[in-house]
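Since the structure of chain S is already known, use the hints to place chain E on it.
2 protein chains.
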Amino acid sequence: MSTQQTIETTQGADAALWRWREALPDDVVRDDAETRQARGRTTFCPTVEVAAVLRPTCVEQVQRIMQIASECRVPVYPISRGQNWGYGSATPSREGSVVLDLSRMNRIIEIDEKLAYAVIEPGVTQRQLYEALQARGGDVWPDATGAGPNASIVGNFLDRGFGHTPAADHQNQFAGIEAVLGNGELIRTGYASLGANRIGKIARGGPGAGIDTMLIQSNLAVVTRMAVWLYPRPEACTVFVCKVNDEAKLPALVEAMRKLRFEGVLTGAPHLANDYRVLGLRDRFPYDTADPTTGLTDEQRAAFRRQHGVARWTLLAGIYGPKVQVRANIRRARTLLRGVGKVLTINEDLLNKAQWVARFVPMLPARLHADLESASEMLQMLSGDPVAGPMQAAYWRHRTRCAADGGDPLSDRVGYRGISPVIPFTGEDVVAFDQACEAICKKFGFEFALTITNLVPRHGICVVSITYDRENEAEEQRAIECVDKLTDAARRLGCEPYRLPTWGMAAQSARWPTTLRDLMLNVKTAFDPQHIIAPGRYLPSEMSDLKSQI
Amino acid sequence: MSTQQTIETTQGADAALWRWREALPDDVVRDDAETRQARGRTTFCPTVEVAAVLRPTCVEQVQRIMQIASECRVPVYPISRGQNWGYGSATPSREGSVVLDLSRMNRIIEIDEKLAYAVIEPGVTQRQLYEALQARGGDVWPDATGAGPNASIVGNFLDRGFGHTPAADHQNQFAGIEAVLGNGELIRTGYASLGANRIGKIARGGPGAGIDTMLIQSNLAVVTRMAVWLYPRPEACTVFVCKVNDEAKLPALVEAMRKLRFEGVLTGAPHLANDYRVLGLRDRFPYDTADPTTGLTDEQRAAFRRQHGVARWTLLAGIYGPKVQVRANIRRARTLLRGVGKVLTINEDLLNKAQWVARFVPMLPARLHADLESASEMLQMLSGDPVAGPMQAAYWRHRTRCAADGGDPLSDRVGYRGISPVIPFTGEDVVAFDQACEAICKKFGFEFALTITNLVPRHGICVVSITYDRENEAEEQRAIECVDKLTDAARRLGCEPYRLPTWGMAAQSARWPTTLRDLMLNVKTAFDPQHIIAPGRYLPSEMSDLKSQI
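Here the protein sequences come in this chain order: S and E. The numbering used here puts the first residue of the first sequence at 1, with every later residue one more than the last. The numbering used here puts the first residue of the second sequence at 1, with every later residue one more than the last.
Same shape as in the complex, but just chain S (with noise of 0.2 Å):
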C-alpha cells in the first residue's frame, strides 16, 4: 500500500475496490491472487502486477466502474479477451492497474446480411460470429485473423489487427462505436450520435471529424460496442498459393504481387512468408538433431523444407468474387506470376475431391495428409472461419506441447514475441528487411519466421515471430536482446511497427516530438480528464500521481 492511500483514503486501489463491491454485483471484482495473476501473463518475460480484475456484464456497469476509478484515481486497463498473443496478451502497460475485463460482455446485438454489418461487444469471439453467421444461413462471412477461435474482434479491430478476405484491413471496417469517457459518460461515434442509428453502422463519418480512428490504438475511452463490417459469401473462393524457390526471385514476386493488388486481382490480402513461417505450422524444432543455441543450420533448413515440401518463399492469398471474375483474375495473377514460382490454386471441389479421394487410399504419404489438411484449414481460415492452425506457430520451440492439445499460450508458457513493422512493398525493400532480420535472428540462434501482409497495395506490414523455450532463461535472454536488435534494424531501415506490444509502448511515446506529445496529452485529458485509462498504452499520459500501487 503507498503512503498516498494511508492518506487519502478516498482514493486509491482500496478504497475503489470497496466502492466497486458495493456498487456491482458480486462475480464483477476480483482480486484474488488467482485471477490477478491470470492476467498478468504473457508469452514472454515480463509477468505484470494486477491490482484486480473487473467483470462487467453490461455497459451501464462499465459506466459506474469508470465513475468511481475516476473519482478514486485507479489505473483501469480494458481488455476484450486478452488474447493479444506476442504483443502482451492481457497485461497492462503499467504495473498495478485494474484490468477491466470486458470478455463477458459477449452479445451479438444485431447481424445484417443484407448491408454486411454486425452489431458486437468487445466479449464476442471469432468463433462466436462466424458460427452465429452459419447458423443464420452463412449468406456473410466475417474476416478471421491468426489469433484463434477465442480471440476477440472488438480487440483485434482496436489494435488495427487484419485478416485476409477483402474485408481484411480492420481499420477501415466499422463504424459506429459506443464508448465510455474516463469519468463514466457515454459517447457514440458518427452519425448515430445524431440519432441516425442505421446509417451510422454502415458509414463512417460525422458529419464532422472521424473520432472512430481516434480510439483505435488509444487509451482515450473504453469501447463498448460497435458495428463491424462483414463480406457478403462470394461465388467463388480460390485460395491461390505462389510457390518460389529461387531467393533471386523474390523481388520479382513482390513486384508482381504489389501490381496484381493494385489491380484488384488479389481480392483478398496476400500474405507472403518465408520457409520458417510455413515450417512453425507443419513441424517444431527438431530438438534431436538440431542445436538450439545456435539454430538450424542453412543445411538442415534447406532438408526440412524438403521434407515438408515448403518453398523458400510461399505467397497465399484469397481469390474472392463471381466465377467468371475469379477465373479471369486467376489467368491475370498466373501470368504476371509466370517463370517467378509455381502456381497452384485450391477451391472447395477440389478440395472435396482430394479428400474423398484420400479418404479411399489410406496408405498416401503422410506428407500428401498434411498438405491436405493445410489446405484444408487455409481455404477454411480464407473463408472466415478461425481455425486454431496458425497459433501452432508460437509453439515452435515448445518441448512438449503444441497448439492443437488445445491448451492456451499462457497456460502452456510459450515463448513468443512479435515485431511488425511497416514497409513500403516493393522489391528492393523487401529484400533489405529480409536480409538485415535475417543476419540478427541467426546471430542470436533463432529461427527467422516472417510474414508479410500486403494491406494495401503500396505498404506491407511485416510479422516477425520469434519463439524460444521460455524454461531456458539464457534462451529467454537472447530472445529478448534479438527483439531489441530487429526492432533497430527496422528503423534503421525507416521501418516502424504497426503495433506495439504492451512492453514498448512507454519508450515509443517517448519518442514523439514534443509539440504533438503536449497535443496528444492534452487530447487525452479532453477524453479522460484523470488520465485512468490505460495509462501509457500508445498514447502518453501524465501518470505521476495515480493511485495504481497497491
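Careful: at least some of the hints might be erroneous.
No copy is singled out in the list; a pair is fine if it fits within one copy or between any two copies.
Claimed, not checked - Distance condition first, Cα-Cα at most 35 Å in a straight line; then the derived DSBU-like pairs of lysine-lysine: (1) K442 to K249; (2) K243 to K114; (3) K243 to K443; (4) K243 to K259.
The set of hints was computed from the structure by calculation and includes no laboratory data.
This is chain E only, laid out in the frame that chain S set:
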C-alpha cells in the same frame, strides 16, 4: 470596430492586420474591398463578411500568421482554393473571419509512380496534378471530382469528398499530413511524426491513434501538406452505363449495384443519376416553353428525356483493371442487370473509332455528336482528367451563361445549393428517398436532380442539386425553403448529410448531445487553444469573446 478593440489595442483584427503586415511580405495581406468581397460570395443567398484575406506562399508564413492570430485572438478561416461549390465556396463559417487563402501554396513536392502517391500542398488543383502526372508519362492517375479543373485536391479530401476511380473514397486515400496548430506550431501525423518519412506517406496509423481523420471535416488545424494516393493506369478502363426507363425497375437496379460493388465488379465508384441530373449536363431549363415557378410538367420532362435520349435512371461506373478481368466484370454486370436496363460500354478504342467516323460524316444528327462528346468527357473524368463538364449542371436555370463559357459560378452568379445525405444502399431506401425529395421539389417548382454515389457497397451518398435563377429573388427564397424541407425529409428517413454547407454548420453542432459537444470543445482546445481556426466549422467552438468583428 468593436468596443473591445478600442480598449484592447493589442487584440482584434486591426492589431493583427498591423502585425501581419509587419511580419509578412507585402502581397500576403489583402484587405481591399474587392478581395474581401470575392471571398465572401456563394452560389446561394448569404454573402459573408470577410475581414481580410491572407495569401501565404509557404508553411513558415502560415505558422507566423497563426501565431499572430492566436495572440490577437482573431478567427482565421483556411481555404485551399475556395471552390467548394454549393457548400459555401470560400466563405467562412463565422462572419468577420480572416480568410487564410492557401491557393498560392501550390507545390507538387513529390511524385512516386511505383508506390502511387503525390505529396502536395493545398493550392494544387485537380488540373495541375493531372497534367504533372501526364507530363511524366501518365503511369498513375489522380482521382477526379466534378468540382472542375481548378478545384483543390487537398480541400476536397479534407471535406470527405469523392470521385470515380477505385481511389474514389478520398477519406481513405491519403496519409502523412503536415498541419499548423492554432498557436502556430507544426505537427506531422502518423509515422512521419517518428521520422519515418517514407512509410509515413504510404501507411495510415501511427503507431497510436489516427489523427488524420480528425482533420477531415474539422477546424482543428491548418493542413499545409499531405500525401494523396494515386491509381496506377490500368490496362483497361471501360465506361459502363446502364439505362433504366421503367421506374418500377429502380429497386432491382439498386440491389444489383450493391451486389456488384460487394463483388468488386464495378471497380470504380458507381454513380446513379436521375433524368434531371443527366439533362442538366446536356441542356438548360427551357424558358421558352416551361414555367420556372412550377418547374417542368411530367409531360415536358418526358419529352425532354426523349429529345436528349436520356433515361429515367442512368448508372455510370468505371470498370478498371487488366483486360481479362474487365471483360469478366462486364460479363458479370451484364448478367446481373439483365432485364433491368440497357447496358452499354465505352472504352478508348471504341470512342476513337466513333470519333473518326463522326469526323468524316459531318451530317450525323446533332444528338449523336452530343452523345459522343458526353461519352468522351465521361471517359476523361473516369480516367482522372478533371473536365469542366459536370459543373454545367449548376447552370441549369441560368438564363444567359453556361459553364463552357469559361466563367466561374461566383462571377456568373449561379444559383446552386446542394444537400447530400447518406442513405443505406437498398432498393427500398433509394425509392423512399427519391419519392420524398421528388415531391418536395415539385411543390417548390424545382427540377429534382439527383445522383447517388455507391461509394462503399453498403451506403450511397446522395447529392440533391437545387439550381435556380439568382436574379429572381422569389425563386431564391423558394430554393432556400426547398433545401430546408429536403434536409428535414432526409432526416425523417434517418439520413444525415455526409457534408455540410458553411451556413448549416452551427445548426448541426447544436444538435450534438451535450457529452459529445463538451468532449469536442475540449479536443478543439487541445489543438487550437484560442479557438481561432474556423470557429463554427463542423465542430463546436466557444467563440463568445473572439475579436472577429471589424
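Here is how each hint holds up against the structure:
1. K442 to K249: Within one copy only: 22 Å inside a chain, 65 Å across chains, cut-off 35 Å.
2. K243 to K114: For K243 and K114, only the inter-copy Cα distance (24 Å) is at most 35 Å; the intra-copy one is 37 Å.
3. K243 to K443: within (27 Å within a copy, 66 Å between copies)
4. K243 to K259: both (18 Å within a copy, 33 Å between copies)
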